[in-house]
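Peer 1: Line order of the protein sequences matches chains A and B.
Per numbering that gives the first Met the number 0, the very first residue in the first sequence carries number 0; after that it's consecutive.
Per numbering that gives the first Met the number 0, the very first residue in the second sequence carries number 0; after that it's consecutive.
Derived by calculation from the structure, the hints in this document are not laboratory data.
Nothing false has been slipped in among the hints.
Cβ-Cβ distance ranges computed for the label pairs, FRET-style:
{"id": "1", "chain 1": "B", "residue 1": "D119", "chain 2": "A", "residue 2": "P223", "range": "57 to 63 Å"}
{"id": "2", "chain 1": "B", "residue 1": "K132", "chain 2": "A", "residue 2": "L218", "range": "46 to 52 Å"}
{"id": "3", "chain 1": "A", "residue 1": "I22", "chain 2": "B", "residue 2": "D169", "range": "35 to 41 Å"}
Glycine included, C-beta positions come from ideal geometry on N, C-alpha and C.
Below are the chains, spelled out letter by letter.
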Amino acid sequence: MIVNGVGFQALVKREMVRTFSIINQVIWPPVIQTLLYVFIFGLGLGSRIKEVQGVSYAQFLIPGLIMLQLIDQTYSESSSSVFQGRFMNSIQELLIAPLSAIEIVLGYVVAGVVRAIFIALLITALGVVLVHAAPHEWLLYVVTIVLVAVLFSSLGIIFGLLAEKFDHIAVLTTFFITPLVFVGGVFTSMQLLPPLLQRVSLFNPMFYMIDSFRYSYTLTGDVPLGLSLGVVAALALGAFAVALRMTATGFKLRT
Amino acid sequence: MNGAAPALRIDNLVKRYGDFTAVDDISFVVPEGQFFGLLGPNGAGKTTTINAIVGLAKITAGSISLFGHDVVRDWRAARPLVGLAPQEYNFDRYLNIRDVLIFQAGYYGLRGPAVAKRADLLLERFDLASKAKLVYTKLSGGMKRRLTLARALIHEPRLVILDEPTAGVDVELRLELWSMLRELNVNGTTIILTTHYLEEAEELCDRIGIIQDGRLVALETTQQLIGEGSLQDIFLELTRR
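My request is simple: use the sequences and hints to build the entire structure.
Peer 2: Here you go:
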């Protein structure tokens, strides 16, 4: 599958260099925003809310906030990196090298996973310090992050290839990702919603990501864990396959 | 690796974009060690041909092989054999120029102290060592041009393709680049050059191919092509629409 391992590693490393050279866009905003959410919603308004899923509201909030930031940053980073590479033609450095489509796509995706784990750990540390919220199931914690990062890195590649201008990249974030994440259970348990909205939530893919990730904290979820993980894994696999196919056929990469 | 195979072999290459035929049934061979010039007016099909050789353009029909390796079927073996210095500056803007070279080598599967040493050597050779820690946007036009060449050479390709390497550079740098290219060729690297400066082709190339409207209209040694006249006269005669 990976023949040019050195080339693949070079791409992952290059993506990480990019991340840390724009650290004020990639790493600090999710941390600062989480701090604000925790103070305003968790500790401020949340003090008036009774326990949710057996934990304080602030503790309930942390895993949802991690997912919120992780989804946003993972998609933004891979889509802008691919689009910028196309726009500046620097992606040609990869295209003329002996790198296969899977090595290129995996390079971007693995970098997305590493970035996601880094951001998640930072916010997790904040949660531990501020509201004593820590994961109990570390394996599930990591598995969910990896699946979600694969999904949104792949979507980033897809939209980085589709976009004709930077504005196009924002379409998915503005009209789909952000609204669906916000109503997908970041701030509230599905069980607190009216029955109709509970049923609608089941069609929201973000709900399954947040629910399975929150399970690693609260050891309970709104739907069975297997269902949540299954949905997230299927979406991740599908998006990865599409990104791979587009790269392999040279979609907007090779004329 | 087939030692007897030419550096480049193009057989009946066709490249179409929808109804437009950019390259129309071109065939030629570049033996190893040759300094080959690919000339033609703007839009003639030179860059499309180059892009097909390096894998940036999908081939509609025909075939291309590098040192006996088909660039489509055997791309993994073919690509390390060629280095491309494109006309535009398409460097990674997040890396300093030393890392541009080191990461490019990495994409070709190379790493370690030998690569770092070669990057330093190339930076020294192209008079860029003092700028090693800068990103390319901080370089002058001439420095960027030299960096393009250094990047094309980092993985020690046997064939180097230079697309308008002296476009927009002053006379002094052009002569300096000519000297570098001659040295490279003398040391055994096959070179394919596209240029709009006919005196450059006349000065450097052993053999010249002229493309007009996607078709190869001349393929001769430089001396045969020029004959008693000048390359400019021949070029204008062959490419007049």
